[in-house]
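Peer 1: Since the structure of chain W is provided, determine the placement of chain L on it from the hints.
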Amino acid sequence: MQPDISVKNLNKVYEGGFQALKNINLEINRGEIFALLGPNGAGKTTMISIICGITNLSSGEVRAAGYDIVKDYRKARGTIGLVPQELNTDSFETVWNAVSFSRGLFGKAPNPAHIEKVLRDLSLWDKRNNRIMTLSGGMKRRLMIAKALSHEPRILFLDEPTAGVDVELRRDMWEMVRKLREDGVTIILTTHYIEEAEEMADRIGVIRQGEIILVEDKDQLMSKLGKKELRLQLQNKLDKVPGELILEPVELSEDGYELIYTFDSQQEQAGVARLLRTLGDIGIEYRDLRTRESSLEEIFVGLVHEQAAG
Amino acid sequence: MNFYGVKAIYNFEMSRMRRTLMQSVLSPVISTCLYFIVFGSAIGSRMGNIDSIEYAAYIIPGLVMLSLLMQSISNASFGIYMPKFSGTIYEVLSAPVSYVEVVLGYVGAAATKSVILGLIILATARLFVDYSVLHPFWMLSFLVLTAVTFSMFGFIIGIWADGFEKLQIVPMMIVTPLTFLGGTFYSIDMLPEIWQTISLFNPVVYLISGFRWAFYGVSDVHVGISVGMTLLFLVACMGGIWWIFKTGYRLRT
Chain W
1 MQPDISVKNL
11 NKVYEGGFQA
21 LKNINLEINR
31 GEIFALLGPN
41 GAGKTTMISI
51 ICGITNLSSG
61 EVRAAGYDIV
71 KDYRKARGTI
81 GLVPQELNTD
91 SFETVWNAVS
101 FSRGLFGKAP
111 NPAHIEKVLR
121 DLSLWDKRNN
131 RIMTLSGGMK
141 RRLMIAKALS
151 HEPRILFLDE
161 PTAGVDVELR
171 RDMWEMVRKL
181 REDGVTIILT
191 THYIEEAEEM
201 ADRIGVIRQG
211 EIILVEDKDQ
221 LMSKLGKKEL
231 RLQLQNKLDK
241 VPGELILEPV
251 ELSEDGYELI
261 YTFDSQQEQA
271 GVARLLRTLG
281 DIGIEYRDLR
291 TRESSLEEIF
301 VGLVHEQAAG
Chain L
311 MNFYGVKAIY
321 NFEMSRMRRT
331 LMQSVLSPVI
341 STCLYFIVFG
351 SAIGSRMGNI
361 DSIEYAAYII
371 PGLVMLSLLM
381 QSISNASFGI
391 YMPKFSGTIY
401 EVLSAPVSYV
411 EVVLGYVGAA
421 ATKSVILGLI
431 ILATARLFVD
441 YSVLHPFWML
451 SFLVLTAVTF
461 SMFGFIIGIW
471 ADGFEKLQIV
481 PMMIVTPLTF
491 LGGTFYSIDM
501 LPEIWQTISL
511 FNPVVYLISG
521 FRWAFYGVSD
531 VHVGISVGMT
541 LLFLVACMGG
551 IWWIFKTGYR
561 LRT
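Chains W and L are the protein sequences, given in the same order. Each residue of the first sequence is one higher than the one before, counting from 1 in my numbering. Each residue of the second sequence is one higher than the one before, counting from 311 in my numbering.
Isolated chain W, as found in the complex (with noise of 0.2 Å):
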């Protein structure tokens, strides 16, 4: 199937000289939510904007739902809903007349019926006709979403969807982006918040200094570079780590108490039945146990550190 988003050799250089994009290449697929993530300045927003036709690019080859995003731009736009990082709106229009204006923009007639639609399912349909500049910071970012979705596009992007909103509203949109993707909607969102990424995204996209380091599906990632921790709590404090485990990756706590034993999610079984078969052979009595996966924020630190190290 052909991808909706297809990125070839795409490399931005600004005025100055500085290279924001080096030789991108990407796809991505009908109806799923990729997640770009990156350390600030990485080059997601500038990705997305030469996307989206804001910025120009220097070279290289973009499209969008098939279409050339500069010899079809028409076509291309027409296809994309973007949600920007920034709040910027126009004070004093109408939420109403907001919304209306993007979907005319985009050349589609009007459809009250859509509109209505969209402002109910971002509960906003009682505040159609207030000014936007009485509107919290809450129901600007969702006003964003609504004009973005105001022409029914087959692909959103969403710039940091979610800064600086509150973990309740938040939730609200991570359930209305599952609803957009069932209804065939493709997603490309950029995060801060990793626990989002974790949460929604179907692959994950890690740009940093204006390259793709990785492109994975999220379950593959976190089973490939996640890690788990196994931690026994004893029935009696050790002084050290007992010479049967030597080679194993066992760490003591600093309380002499607990032993903690890292392993990768994929050798899960065999490490932990030998760890606890040991254990019984040499006597070491254990009360409690407990595993912890590390999160895919940990997987991305690790994976950009390892990047700027190497």
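To be clear, the hints were calculated from the coordinates, so they are not data collected in a lab. Hints are not guaranteed to be accurate.
Unchecked claim - Within a straight-line C-alpha distance of at most 20 Å, the following computed DMTMM-like cross-link-like pairs (lysine to aspartate or glutamate) qualify:
no., chain 1, residue 1, chain 2, residue 2
1, W, 140, W, 68
2, W, 240, W, 202
3, L, 394, W, 281
4, W, 117, W, 68
5, W, 228, W, 288
6, W, 108, W, 61
7, L, 317, W, 248
8, L, 556, W, 152
9, L, 317, W, 90
10, W, 179, W, 211
11, L, 394, L, 503
12, L, 556, W, 15
13, L, 394, W, 86
14, L, 317, W, 68
15, L, 556, W, 288
16, W, 8, W, 288
17, L, 556, W, 61
18, L, 394, W, 121
Peer 2: Okay, now just chain L, sitting in the frame of chain W:
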């Protein structure tokens, strides 16, 4: 052609005019009325006729042109500058609209507002002065052509400006002096010969002269030259806008 896109921009701008009726319409109408009262009724009654036209009536085309130029520039420059200032320009840049459509929306709305204002001022002038329009078609043509041309000029200023001060510099420091020295209150024939020659380098002379001809059939320069000069300026502005969109100057990085 993205008809709905053009309509959206046009309606959005026109709704801004309705929201700011005091500033957009009433304020320039009141200013022009004051000109009519001071220069037309008070001082004008003591002035002789120019080209056999009563002074108060003689200055009407120039005063309408003064408002038309200022408002066209102001409406269009503000119209495109505000989205740049507030950041909402991202939406226009990411929409499937061509630059011709963007210009049609913004410049079309700015020119419409200016033409409406020009007609309101003309109607208001009737309260103070008795005047006639000899060539109504040409009067309207000059009105529309000048409004479109200077709205395009304003659009360029709005793109160029990176602060509110710059939005004001060109209208206040260049256009106003050129209009006052362009024959609004006098015929350039009344000037010494050297100043007559210098005045011919002022493009506003051609606009006011042509517009006055449409009213009374008298002009400082031939009406054909007035039309030609206005069209020349229109083409120059179109060229400027084409360059802006081609290069993305101050719009796209």
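Peer 1: Could you run down the list of hints and mark each one as holding or not?
Peer 2: Okay, the hints, checked on the actual structure:
Between residue 140 of chain W and residue 68 of chain W the CA atoms are separated by roughly 32 Å; this puts the pair beyond 20 Å, and the hint is violated. For the suggested pair residue 240 of chain W and residue 202 of chain W, the alpha carbons sit about 43 Å apart, so the restraint of at most 20 Å is broken. About 73 Å separates the Cα atoms of residue 394 of chain L and residue 281 of chain W, which puts this hinted pair outside 20 Å; it is violated. Proximity of residue 117 of chain W to residue 68 of chain W is assessed by CA-CA distance (about 31 Å); at most 20 Å being required, the pair is judged violated.
Taking the CA atoms of residue 228 of chain W and residue 288 of chain W, the gap is about 17 Å. The hint holds against a cut of 20 Å. Note on residue 108 of chain W and residue 61 of chain W: the hinted pairing is violated, with a Cα-Cα distance of about 27 Å set against a maximum of 20 Å. Restraint check for residue 317 of chain L and residue 248 of chain W: not satisfied, since their Cα atoms lie roughly 71 Å apart, outside the 20 Å limit. For the given pair, residue 556 of chain L sits about 29 Å from residue 152 of chain W by alpha-carbon distance, which is inconsistent with the 20 Å threshold.
At most 20 Å may separate the alpha-carbon atoms for a hinted pair to count; residue 317 of chain L and residue 90 of chain W meet this at roughly 18 Å. Note on residue 179 of chain W and residue 211 of chain W: the hinted pairing is violated, with a Cα-Cα distance of about 31 Å set against a maximum of 20 Å. The straight-line distance between the Cα atoms of residue 394 of chain L and residue 503 of chain L is roughly 46 Å, outside the 20 Å bound, and the hint therefore fails. Proximity of residue 556 of chain L to residue 15 of chain W is assessed by CA-CA distance (about 16 Å); at most 20 Å being required, the pair is judged to hold.
Between residue 394 of chain L and residue 86 of chain W the alpha-carbon distance is near 13 Å, which keeps this suggested pair within the 20 Å criterion. Distance restraint check for residue 317 of chain L and residue 68 of chain W: the Cα-Cα separation of roughly 26 Å exceeds the 20 Å cut-off, and the hinted pair is therefore not satisfied. The suggested pairing of residue 556 of chain L with residue 288 of chain W is violated, with an alpha-carbon distance near 69 Å, which exceeds 20 Å. Taking the CA atoms of residue 8 of chain W and residue 288 of chain W, the gap is near 52 Å; set against the 20 Å cutoff, the hint is violated.
With a CA separation close to 19 Å, the supplied pair residue 556 of chain L and residue 61 of chain W stays within the 20 Å bound. Distance check on the hinted pair: residue 394 of chain L and residue 121 of chain W sit about 30 Å apart at the alpha-carbon level, beyond 20 Å; violated.
When each numbered hint is compared with the structure, violations occur for hints 1, 2, 3, 4, 6, 7, 8, 10, 11, 14, 15, 16 and 18.
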